[in-house]
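If you want the building blocks of each chain, they are given just below.
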Amino acid sequence: MRRVRVKDIYREQQTFGLRIVIAAAVVVLALGLVAGRLFWLQVVRFDYYAGLSQGNRVRIEPLPPDRGLIFDREGRLLAENTPAHQLTITREEVHDLGATLARMVDLELLEPGDLERVRQVLRTRRAFEAVPVRLRLTDEEIARYAVHRHELPGVDLATRVARFYPYGPVGVHVLGYVGAISEEDLQRIDPSDYFGTATVGKTGVERFYEDALHGVGGFREVLVNAEGRSVATSGAVADPLRIKLPAAGADLELALDIQLQRVAEEAMAGRRGAAVALDPWSGDVLTLVSLPAFDPNKFARGISTVDYRALTDDPDQPLYNRALRGTYPPGSTIKPLMALAGLESGLIAPGDTKFCSGSFHLPRSSHRYRDWKKEGHGTVDMREAVMVSCDVYFYNLAVSLGIQRIHDFMSKIGFGQPTGIDVYGERTGVMPSPAWKKTAFTSREMQVWFPGETVITGIGQGFWTATPLQLAHATAVLAARGRHFKPRFVRAVRDPVTGARTAREPAPLPSVALGNPANWEVIVDAMVAVTTGAHGTAVRAARGAQYSIAGKTGTAQVYSVGQTGQYDEKTVAERLRDHALFVAFAPAEKPRLVVAVLVENGGHGSSVAAPVARAIFDAYLSGAPP
Amino acid sequence: MSGPTFGISSPGPDTGHRGRLFKALHLDGPLLALIAAIAAFGVFVLYSAAGGSIPMWTRQLLRLALAVAVMLTLAQVPARFLRMLTPPAYLAGILMLIAVTLFGDVGKGAQRWLDLGLIRFQPSEIMKLAVPMMCAWYLHDRPLPASPRHTLVVVLIVLAPTLMIAAQPDLGTALLVAAAGLLVLFLAGLRWRFIFALLGLGAAAAPIAWYFMHDYQQRRVLTLLNPQSDPLGAGYHIIQSQIAIGSGGVFGKGWMEGSQAQLEFLPERSTDFIFSVIGEELGLLGQLLLLALYLALIGRCLFLADRCPSTFGRLVAGSITLTFFVYVFVNTGMVTGLLPVVGIPLPLISYGGTSMVTLLAGFGILMSLHGHRQLVRS
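If you're matching them up, the sequences are chains A and B in order.
Quick note, the first sequence lines up with residues 1 to 626 if you use the working numbering.
Quick note, the second sequence lines up with residues 627 to 1004 if you use the working numbering.
If you are wondering where the hints come from, they were derived from the structure by calculation, not from laboratory data.
Possibly wrong hints are sitting among the right ones.
[As the list claims (entries may be wrong)] Not close to chain B: a few residues of chain A, all C-beta gaps over 10 angstroms, as computed:
| hint | residue |
| --- | --- |
| 1 | Ala24 |
| 2 | Val43 |
| 3 | Leu109 |
| 4 | Leu186 |
| 5 | Gly358 |
| 6 | Glu426 |
[Said to hold, decoys possible] Capping the alpha-carbon separation at 20 angstroms, the derived lysine to aspartate or glutamate pairs in EDC-like fashion look like this:
| hint | chain 1 | residue 1 | chain 2 | residue 2 |
| --- | --- | --- | --- | --- |
| 7 | A | Lys202 | A | Glu183 |
| 8 | A | Lys412 | A | Glu344 |
| 9 | A | Lys298 | A | Glu80 |
| 10 | A | Lys437 | A | Asp422 |
| 11 | A | Lys7 | B | Asp796 |
| 12 | A | Lys244 | A | Asp66 |
| 13 | A | Lys438 | A | Asp408 |
| 14 | B | Lys879 | A | Asp47 |
| 15 | A | Lys7 | B | Asp767 |
[Said to hold, decoys possible] Residues from chain B that face chain A, not an exhaustive set, calculated with beta carbons under 7 angstroms:
| hint | residue |
| --- | --- |
| 16 | Phe648 |
| 17 | Leu651 |
| 18 | Leu698 |
| 19 | Leu770 |
| 20 | Ala793 |
| 21 | Leu797 |
| 22 | Ile924 |
Quick caveat: nothing in here was measured; it's all calculated off a predicted structure.
Ideal placement from N, C-alpha and C gives every residue a C-beta, glycine not left out.
Isolated chain B (complex conformation):
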């Protein structure tokens, strides 16, 4: 893929020590810069959304630090090992999901957590990475585009955890896991007719899925189409969110100036609806800046993915990148009233630990896959 390189693969006269350091650590400078920029943005905004609550904010900083550490560590793991460790990791994930289904803590009405004493652990988070990796592992040695039989196997690899997660119930994560896996198929060159066939199946399954959806999930979809139909009920979040964003105008009301009245009405203001806070305080310009940063990040990642030496690497890197995009799009879409309310946080910004770690872990894997050059083509 043609495009500007950022002086990583071929050390030039200006890269010097920093370039070589990064290369040695298998890190990608521009990617790290963009991640840092977005994270900084997030920390800045979170302070306001947390209502100036220092403990909450410092907790988030610690999480960020932890996640960065995970990312840097994973970047050191040779790509070869990552590929070898994939099947056991996937299996472990499946077993943990079964454990959760049977023994899991019930927090907030959803059986998602495994309480390991120290931390609350969501196996579904692991699957966000394990599933696409498993799919890529399977397709790595097989001729692509995948034959119908191979495609079916991949679908099964995706379906098993997806259904278990959906049954927890955690529709949002289930869809993300499914998306991650199916993206691998797409990037592997799945024929268009199959893509349309799968989409068709999905559309046909929608009414069945509707039947199985919980009340509150159904209501969420309905109120999306008409939030005003239930202004004090399910449409509440969407309406308040839009008011917050809209009233920010082009320049926003200013940092920390978000009207408390509005924010008080956003029960999840520091998690899922943080984009509304950005809109209200920093206005259209602030949000466009953030979107631009995301776009740049995704662009850089796609570029890196294309240049991964192995099939496994390309597929995993591509899937991770596009999954990240899905996070961004679904969250901002939901907050602005384009998509139904699903519990998906704004990546790298929303308050919350497990998600942050998974995301940065993904970037660590991506950098590993890109940065470890193989001596023999596989």
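Chain A extracted, bound-state conformation:
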């Protein structure tokens, strides 16, 4: 039965009355709250607000974070932060920008050539930010500024920390450098986090690990009067200004061994070229040399336009990282890998011999492909062919294998692919094939794969190019008997506050599996013969070593001589001379280090490149520096 409700006016009025009382209470409370807030603003915080309304401003002062340090594998400091003085301009505090800049040039605090860059940077930053415009000031310049500072409102002296590389140019292509933040840099970083930071990583590890190294920026509010000077907030009831503390960047531990690096650089001093030393069981890069190099400290403290132009105009290109970006024909260094491909395909057995007459030609063709030894090597088996670097043997092998099989095998080893190293700018070189030619060229004639190109692929010439890093990476596969790791610069990260070290696991790549694993040792044995056997091309360089070296020399042709002509080193101009190459690992049975050396226009790999590798091995394996 539904209950019928009756309208009870009296009760409704009672309820209404009660509700009115409740509402009234809420009204009083709410307005009381507002009154309380007013009291807070106008009495408790009066000084603060009164000050603000008098034209004082709260200026936001950045607190830049400490940039992470970089160490080598033995804990030696490679990159640190030292105090430096810089000049900053705060656009909104400058009365006449043109006049101020002109005055600074007069006082020799700015170079005329820098004015355009300064104006541009000021345009892109916010008006109330103190933008660094000069990153390194000598004491004399500081004094000059101090005397004239009253003429330059909006220009301030700030003491910051600047990046310093104690080892200077040693290892610069690994570390990279930091430089002044440019407009392009602002595209890839969060500008509000870089509020007080003057520099950012430009290349190398400094750039790749920028996020980790930079940390997190902080800021602090400062009450500043009409002249822009800080106002001491004495008498204020509570400090109303905010502070957000910065978080320091993480420290990096590199796989690099700086002493070994130094040995390598000294062994190659005066030359152009590259050398890479890897640990085949982890991918650690212990050494990466690219010469000529340069001093990164120039960048960290604000490189002058003159100095920078000198570097970019230098024909030897010191800024260019040859180890990662230089692509060269691998030359004879790939012969062991070719032999391995041959064994794997079943086309050759170790004992099979071939006769080398000094030249080779394709059937139905008169074109002669020469061996480096004019008279030929006579009858050679696979081991001998590698040991003496017989070209004809490998011409034959290449033709038997065919370019597609060569391409597929070498691609597995890593040619034509990025190695995945933890730095930007790596080039992949070219592993040629008919398919590649079709996409690489647009004209019909160039898109055809010619049989002759297969021939020269057998000795690592033609379109085949690789970087020194890729050569080391490929040699590491041999050293580790098929196992493969991504090369890496950074092997651990350290928390700047707690010091806790977080090691990074080596990143394995797909192993190269052989149908017959015994073939690894066959090839390694052949490579050992290169350094020990009679007529081995690297015997001289390996003489006296306390350990066994498995290696291969290479000579990459830059300039091709005519069909019947002679290659005469002395007459051919230096920059057209062959590149000298050498790849090796030691000790051969249980390798600890893989090395690839390239000396541009160095001539013969055995005489120029191999000794560099020997110096590196000695330093690393003997324990004591040479």
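Once you've looked at the hints, dock chain B against the given chain A.
Same frame as chain A, now just chain B:
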């Protein structure tokens, strides 16, 4: 409700002609006095905020005059008629809202106005009064506290216009309209459990509402919580407003002495942020005086509401009063940094026409509902 009477309902020896005149015109003396006081305060302050601009100021005076005329006229309308006219008025409002949604002028990025040639007309303003009246009309004959079904109907009466107004977008007015309607429910004795249920629903709907909010609305809420996080962007109004108020201290800087630097930074200084101007020029004392006047006004209105003879009258009067309170609280709260920036003017003081008319119209209705005694209880 007990409390001091002001000599209206029972003519005493001192009331004489004035009391009888007021009663005849269904006006309430104290209420009018308080309205006059606040309006005068407003006119005084507005002069300074307008930068001494005479045309702006005289326009406001004219509006005030117009609004007063509307108020006095409405006070003459018998309460009975008001009740009868409510449903058609509500319906008309709904239709106008639909018209605005389809054809409205787009002024300042919000589709709120209907340009009738002579004046720009905001249908949402009508709804501020029509909605609570409609709710009260519905509940007038029904037993209170309202049953769940009746409550639902009231909610729908409120929701329809609210959503349309919110879609214009005019979040501030939408919330006011919703508040006005829901206050009617509250005053009608809605059971506490339902109140909490509705609040719960509201809280649950908040994230959904957040999703539908425009960028600038979201930013407003966020910057409320931390205006310093965006000192040059959305937090700007709040920071400048607080500086203006805080620097006024206890006594203020003096009339017309508000630092132009501060005020120049307040883009809406004569409308929404006028309370900051009061704070800067007249200080804490000036603001407390104004708050006291508001408090007295609200108190008087609540008293009058309680003494309205009909259910409809009580509910409408109560809702109008408390809605007025919401205006005051939201505006002063926003200006002092307690609440997010919403476009709600300071009642009876902020520059602006439609709002003034609606407010005083509300008071006119209130006085009508209170002043017209019925011969038969309904």
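Original post:
What hint numbers does the structure not satisfy?
Top reply: Result: hints 1, 2, 10, 11, 16, 17, 18, 20, 21 break, sorted rising.
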